[in-house]
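**Student:** Chain by chain, the residues:
Number of protein chains: 2
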Amino acid sequence: MGERRLKHWGWGYEDQAPSREQLREAAAGINERLGFGGEPEEAVPLDQVKLREPRLKVPSAFGDLFTDEHYERVVHALGKAYRDVVRGLRGEFPNPPDLVAYPRDESEIEVVLEWAEAEGAAVIPFGGGTSVVGGVEARFSDRPVVSLDLKRLDRVLEVDAESLAARIQAGATGPRLEEQLKEHELTLRHFPQSFEYSTLGGWIATRAGGHFATLYTHIDDLVESVRAITPRGTWASRRLPGSGAGPSPDRALVGSEGILGVIAESWVRVRPRPRFKSSCGVEFDDFLAAAGAVREISQSGLHPANCRLLDALEARTTGAGTGEKHLLVLGFESPDLPVEDPMRLALEIARDHGGDPRTSGPTGRKPKNTIGLRPVDRGVEAWRGAFLLAPYLRDTFVACGVLSETFETAITWDRFEEFHASVIEAVRGKVAEICGAPVEGAGAPRVSCRFTHVYPDGPAPYFTVLAPALRGGEVEQWDEIKAAAAEAVIEGGGTITHHHAVGREHRRWYHTERPEPFALALRAAKKALDPAGVLNPGVLIDP
Amino acid sequence: MGERRLKHWGWGYEDQAPSREQLREAAAGINERLGFGGEPEEAVPLDQVKLREPRLKVPSAFGDLFTDEHYERVVHALGKAYRDVVRGLRGEFPNPPDLVAYPRDESEIEVVLEWAEAEGAAVIPFGGGTSVVGGVEARFSDRPVVSLDLKRLDRVLEVDAESLAARIQAGATGPRLEEQLKEHELTLRHFPQSFEYSTLGGWIATRAGGHFATLYTHIDDLVESVRAITPRGTWASRRLPGSGAGPSPDRALVGSEGILGVIAESWVRVRPRPRFKSSCGVEFDDFLAAAGAVREISQSGLHPANCRLLDALEARTTGAGTGEKHLLVLGFESPDLPVEDPMRLALEIARDHGGDPRTSGPTGRKPKNTIGLRPVDRGVEAWRGAFLLAPYLRDTFVACGVLSETFETAITWDRFEEFHASVIEAVRGKVAEICGAPVEGAGAPRVSCRFTHVYPDGPAPYFTVLAPALRGGEVEQWDEIKAAAAEAVIEGGGTITHHHAVGREHRRWYHTERPEPFALALRAAKKALDPAGVLNPGVLIDP
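From first to last, the protein sequence lines stand for chains A and B. In terms of the numbering used here, the first sequence opens at residue 730 and continues consecutively. In terms of the numbering used here, the second sequence opens at residue 730 and continues consecutively.
If you are wondering where the hints come from, they were derived from the structure by calculation, not from laboratory data.
Residues from chain A shown here face chain B by an in silico Cβ test under 10 angstroms; the list is partial:
hint : residue
1    : E891
2    : T935
3    : L944
4    : V955
5    : P970
6    : R1024
Computed from a predicted structure; not experimentally measured. The C-beta atom is built at its ideal place from N, Cα and C for all residues, glycine as well.
Please model the entire structure based on the sequences and the hints provided.
**Tutor:** Right, dumping it as structure tokens:
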């Protein structure tokens, strides 16, 4: 389509791929820093990727709605989990869609669904393709597959500045919708890590977690109404600030991961851009003391925009700390109200728990309140940079033989200490066992933890694993670690996912977590709306 | 059971019923104040109420689980809408349950469901019986009915002070659960108008709206997990502060109005009792200017606990004002943080919109910040008193021939002005037409409006109608007014209910509002969980 193209594997655009020379330098740096990782492996180029022949022919009746182009089939074949990046690097695309469809409007979505149903094909709705749970990969072989890419539906259709809401098409990526909202001096401020590529529809389908560490941050809370195309008609809810009319139809679609309908557009709650901002890093010697500070802050009614706790290892890995101290990244922002007072109160709480605000950090600068400026604390800045760069860096990790993957959950405060200890122990043990690496010291695999979101009743811990990869056996290696992690999470009472969704990857643990009568209800709902099972088979429920 | 008994009709306990003399005095006062209403009619006494014979025999196998006692059948026969109070007063109980069951635990709920299914009977879950939408009335004649009263399940089973959560049985009324939480210096602070009688399970089943005018106030947001008994097993979700694992199972039960399962208990989010409180009334000459102030406050991030706008007529009716000014009741509260600053900022916004804070009101006292004390502003106090007394007063209204009923909705800000005007006009016109009363002046029916909750994207307007009743034809009279109101609400883009639920009364308009594919999904879910259609037939979906 003449635009900047996504890399056919891994993260980012084609023009962002590092050169051979850069990769070699990175490999040396990674090994020096982590104590593992080796020579960079080169990715199989796009033209050498072998795909199975398409099992569907591009229908001639619908113009350029469908394509079977090689690049398109490759780039829609996998998500962005570690296992996907590994396989992409190696040119392994076992389940490519047979066709890719790019609808321009709702009627074309209907065309795709009807045509697919008539052909006995499945349809996988595709937003940014950033699923890390196999949500967009057709892991079934009983029928052909159309990947339904919503990227042409990328407009902000209407802005209601009085109610602070906007009607936005499902295929708009984070930057696309923010650039259109900016014209109205408004913002959705929903910044998942995948922000650059993922889409509003994808966020709604997967219950994405957003920018804010507290208060309304899930897309669940930002949705005012939704329109979705189902095989049995259009699911369109009313724009309402609130309603008590039966179970919420929006909440039934939010998290439905493409099995009930294709989200076409949504009215979402937006807000004025923040004018007041304050940001500060707080160091702790003791992780549980830091967690205690976070608990108290989350229950204080202060509602920080940022309240992300990084354990010492995570702080070191992301360059936000030296590895001795745990780092709490605190931030407040508001379009209307000064934020000095809540920051002061939050810092008081942090100090009560042994926290040391970085009054002079690596920069020698004091944390200060900034109006319309970026935060100045370097640890905080480093963390933000690392947060957005992480998915790019991972491609390099993978090429250099470094296992790099994450998992995330949520748990109530009363169980957190034991939960955290048991999850870390289970994963560290399994990583050491599988990687044959030392548990501690130089070259030891890293299992670190941060909080991505916090609630009055508990945190959402997010774990990162960095370890020497078993080259050629990466997928199986990770699968074993993942199983140990997921079992510890489920055993400890957590959720199998706080904001990564279920997809195909989390199915078996999700089945344990989900109330069985709800599974019956969901299966029945699916059957009623999609009797032919066209929509994303194998996600959430049995295909 | 030897306890204080509920009146067999209307609101409150038997010992709260006014004497004949009191009623006569009240009638005179009402007529003087409203310009309509006449001699009080006496209620048909309990022992003269005629019920159809029970179509079920109390089974002997289950001890005192079931009863067919006359009083019990009467008191479970109706809800608390105007039409219910009218019929109760006249001794009209056309659809009494055949039996009433009082389970003591989950296994007894299962017994009731199984026994009823085997007998071909329906089961109506019953909390406080305060439904104003026909939610507990068996308006069907094709099968016998068991009213399943949860009142014996009224305990706080567990308190997790660290996560600020409590595990509470579904049959606990507001006062019962608050008295148990108080021992832990905690509170749910969920105060619907029916607080004294309604129950946690009822709140969850009907998506009740709570104490707070902004932020987390719906029971939807306070539920951490739920256990419900369905005909196909126990629906038990995990205690989680947040999750992204598929559509929320809790949100599917919240608002299910007893058609999917019987809610047995729930972990809910509680909080420390507020130590800082501030409350103030602000007067406005112009209702839309006041609404503008509310809009700006709701979008400011100040999160007032109270932000209830009463139009001048509503303020006069409730004794909170003289009828010339519109009154905004503003309140802030916090367990931890002083509330002077947010109150000051909110009052600034109110002033910018022409609001006049009652620095010297009827009491001559200034609004002041109170710590652990009740608010001092008399308009505010009067409003609070009237809020809680309203349902009691309505029995007297009904006895004296005064039509007294409410309806409520929610709408986005951009549509509010036109919506409000058209709803008020439609209802005033219909009331005048039916009651043959003047539209304005002394003796005119009253159609007034207040906001019960406000969101950044819109208010939840609540309308009250007071008019001369057509004695003997009250139900039909109200039905016509209600239809005009509901049509104006639906036509104007509102929701048929913001927190009163759908029940049987709102069905026909709910069908317009609800996305059709969601109706298909809900019906299928119901069929999967309750194939015999035992649970609350005729609520939300076709029986």
